[in-house]
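K.L.:
Here is how the chains run, residue by residue.
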Amino acid sequence: MSSGRELAGTFQTPGNLAVMRELVTAASQHGTGIVATGSPLPPPEVPGDSHRVIISLSALEPPFDHQVSDLIVTAGAGQSVDTLQDRLRMGGQRLAAEIPRGLGVTLGGAVAAGLDGFNAGLFGPLRDQVLGISYLDSLGRHAHCGGKVVKNVTGYDLSRLHVGAHGRFGLMYEITLKLRPLPDHEVTVVLARPTLSLALKTGLALRSLGTKISGLVVATGAVVAGSTVLGTDDSDHGPKEKFLLLRMEGHPQTLQRTCEALAKRDANLEVLDTPSSDRLWSGLGHWPWQEGFRVDFQLRPSQLEQAMAALSGTKLDTKHSMIADIARGRLQLSEPSRVRGEGADQRLIELGIPDLLHHFGATASLPNDPEDRPRRRDRFGQLPVAHRALQNRLAEALDPSGIFAAGRRFEEAGA
Amino acid sequence: MSKRRSLPGKLERRLRRRLGQQRLLTDVESLAVYECDALTHFSAMPLAVTFPHSTEDCVAIMRACFDAQIPVTPRGAGTGLSGGAVPPSDGGVLIDTSMMRSILELNTVDRRARVQPGLVNARLSECVAENGLFYAPDPSSQSVCTLGGNVAENASGPHGLKYGSTRQHILGATIVLEDGEIIELSDEGDEYDLLSLVVGSEGTLGIVTEIEVRLTQKPASVMTLLGAFGSLAGACQAVSDVIAAGIEASAIEAMDHLTIEAVESSVHAAGYPRHADAVLLIELDGNPRDVSADAKAIAEVFEQHDLLSFERANDPEQRSRLWQGRKGAFGAMGRVAPNVYVMDAVVPRSRLQQAILEIGAICTRYDLRLANVFHAGEGNLHPNISYDARDPDEVDRVLKANAEIVRACLDLGGTLSGEHGVGLEKKEFMHLQFGAPVLESFASIRRAFGPRSLMNPGKLLPTPRACTEVKGPAKQVFTTFEDLV
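Protein sequence lines, in the order shown, are assigned to chains Y and D. So in the numbering used here the end of the first sequence lands on 415, straight run, no missing numbers. So in the numbering used here the end of the second sequence lands on 1485, straight run, no missing numbers.
Be a bit skeptical, because a hint or two may be false.
Claimed, not checked - Here are the simulated SDA-like pairs of lysine to any residue, each with C-alpha atoms no more than 25 angstroms apart in a straight line:
(1) Lys1162(D) <-> Leu206(Y)
(2) Lys1218(D) <-> Leu209(Y)
(3) Lys1218(D) <-> Leu204(Y)
(4) Lys1296(D) <-> Leu182(Y)
(5) Lys264(Y) <-> Ser1221(D)
(6) Lys1218(D) <-> Gln253(Y)
(7) Lys1296(D) <-> Arg257(Y)
(8) Lys1218(D) <-> Ser208(Y)
(9) Lys1296(D) <-> Pro183(Y)
Hints are computed from structural coordinates only; laboratory data are not their basis.
Starting from the given sequences, assemble the full structure and let the hints guide the process.
P.N.:
Quick look at the structure:
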């Protein structure tokens, strides 16, 4: 085994947990930073990573324990989410979190990044599905937090803390999740509206429909034009129209009746067939991964209209897209330009985004280049000093060696 | 036993200046009321009880106590069942939030409200009912328990099966740390999820002074089902089969024969069949057609498991009658013995049947009267042991049985607590569930929030002495805790 110092700048693919543990222990002893990845290939170089060891979980034999009658699964962090979903489907179940398919996302990556999707308004965010996590701590010790039961209030909720923490609190290798049964039936309807305001108002009203709504979105711009479902040239809808997309799940008869009731009130309603529906939601989910400039706003549903109108009044790129998740009050703005660093900061200012955030008292995930994230957060000052200090104290407390992805999420002394 | 301190004069003067005569209690007669929560097994008298009106009051109290190095224990309605609101045995200042009970902001469009922690759980639902909304977490004590207490314990109730625990309904919180620092936590920021640490932290990280809650739309229809079974084992298997069939009920509650007898002999009588060995109370809500289809599917599952009778209730009055027995079950146990120990543990739902059998055997071995009322849909067991606290031998047997039941549930792959929390009651068992790395992390988290550990000390984390006291099949011997707290 290499010493911790020799590990810096290397890419490691341990074949079992014992070897992975040795790597973490060696890194810990020499203060060598660790970045975890699910990919079998080294990721693009990030400044600062030459001082770190990148550990890939791709060669670990992934555990898989699907307790069908408990609606629980325990799986390896390095396991592909697509593969996992396919295996669960055989048991009539699914991960509730709608993690985009076809991108090679691993379970550990999804948890580290806190990914979820348009059905989070119905089932809650990914952190609500995570029941337990096994990880190596900064001394290389095996730690098991949470449990394998659906209800648990024993001790502090470390499992949720790992979700979205970008690997800052340990090297996750096994994750237990709550599952949902596959829906009996699912249907997507598309409602075209002449204005953004009408589309959003209709969406807010539809929340009280009384059916299980697993997606309620208004999409505008290039994401519509680029969709083979909504934006093709032979679409019945003109490109200027705003699309409200409603996905529901439940018993087939219930959904049929609901669609009939909606159609009586809305002549423009279109019910999508299953392949089109799958393509549509998959396309929306993939959109954020397009290379480009992207900001995710966390607003309130009632603020979406004003925020989208304000952004539309700025000099947005002609190929911009906006996707508003009405159920959760999320707004995703993306432009195709690959601005980075100072350029991205300037773009944020040009679009008036800091003012917008201030006006709404809202927060946003800013363009997420790893090298810029801490500096940008500092510059745009989203966290009060005391809060940021607490976040850093926590990171130091749980990772005294400072080896886990330090400085990737927040600016940290010495990272 | 630690020697009880007295309230330092300087601290009393400082608190009195801020709170006046009415909102600071220091006389022994008044303090006696605050010696314990609903788990009366643990008690200690506070040095003083304070009644803040606002976050600013809490900051002032916390700063004063921080300067005097006096520990602080938050308290809601005192309905907790793990000793979480009991002051430290050598005294401390108790912050009672019952005068912080306002709804500060209500936004029905965005379905959220900002409230003070002393607001009673059920009161919030009453206030938003006319908007077609409700606050989903429904602990059995919801008519008196406070939202601040719910946050501290990550409380839930029968409908947690569908709607989840308190954490899933908290969008933000204002928390005051031990040194008086105010931290605003939000569900919506791009930051570490401190809110998930604070919810369920049992008042050990700070005091929550404002809470932003999610409100839920009332379902279009609700149906309550009552299945009476010839055996508890059959009822448990029916629960596993309903879940495995993918039927998503909003609540699945189970009661055994002794509970049925106690309920039916009490003012809470609900018409449960007395000859049944167990009843399952299931609630479905949502679209009326979905509800009807699910009810039919459940009836088919039940029929395969020693079903004696089956009843459906659609109208509110009938439903309320069926729930009356479940909600009054703990009170009805008073008919069996002067005291009842309400335990709390969780097992995987597929192991319910085995867990119930093992718990029954343990209580038989200790010659104790056991009644089971539990959230079957979540595997959350509440073995209720009826006893007489005046009988030291019986108390000793209750505690020994409790320890064995905890171990049995852990051996079945379960956890120590599903909703009551660790508090004083279960801290000695923590090392049975968690290894040293996680327990050390808990201690580190506590230090990160409050280096002096003045917030509700003695709760949640095992003490060094306790770690060596508990014997049994520990998964990992915990030996490195001495320097951590």
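K.L.:
Against this structure, judge whether each hint is valid.
P.N.:
Evaluation of the provided hints:
1. For a cut-off of 25 angstroms, the pair hint linking Lys1162(D) to Leu206(Y) stands: about 21 angstroms separates their Cα positions.
2. Only pairs whose Cα atoms come within 25 angstroms are accepted, and Lys1218(D) paired with Leu209(Y) is accepted, the gap being roughly 11 angstroms.
3. Of the supplied pair hints, the one linking Lys1218(D) and Leu204(Y) holds, its CA atoms being roughly 16 angstroms apart against a limit of 25 angstroms.
4. Taken as a hint, the Lys1296(D) and Leu182(Y) pair is honoured in the structure, with Cα atoms around 19 angstroms apart against an allowance of 25 angstroms.
5. Among the hinted pairs, Lys264(Y) with Ser1221(D) is consistent with the structure: their alpha-carbon atoms are about 23 angstroms apart, no more than 25 angstroms.
6. For the suggested pair Lys1218(D) and Gln253(Y), the alpha carbons sit about 22 angstroms apart, so the restraint of at most 25 angstroms is met.
7. A threshold of 25 angstroms between alpha carbons decides the hint, and for Lys1296(D) with Arg257(Y) the separation of about 20 angstroms falls inside it, so the pair holds.
8. Taken as a hint, the Lys1218(D) and Ser208(Y) pair is honoured in the structure, with Cα atoms around 9 angstroms apart against an allowance of 25 angstroms.
9. Pair hint Lys1296(D) plus Pro183(Y) holds up; C-alpha atoms about 17 angstroms apart against a cutoff of 25 angstroms.
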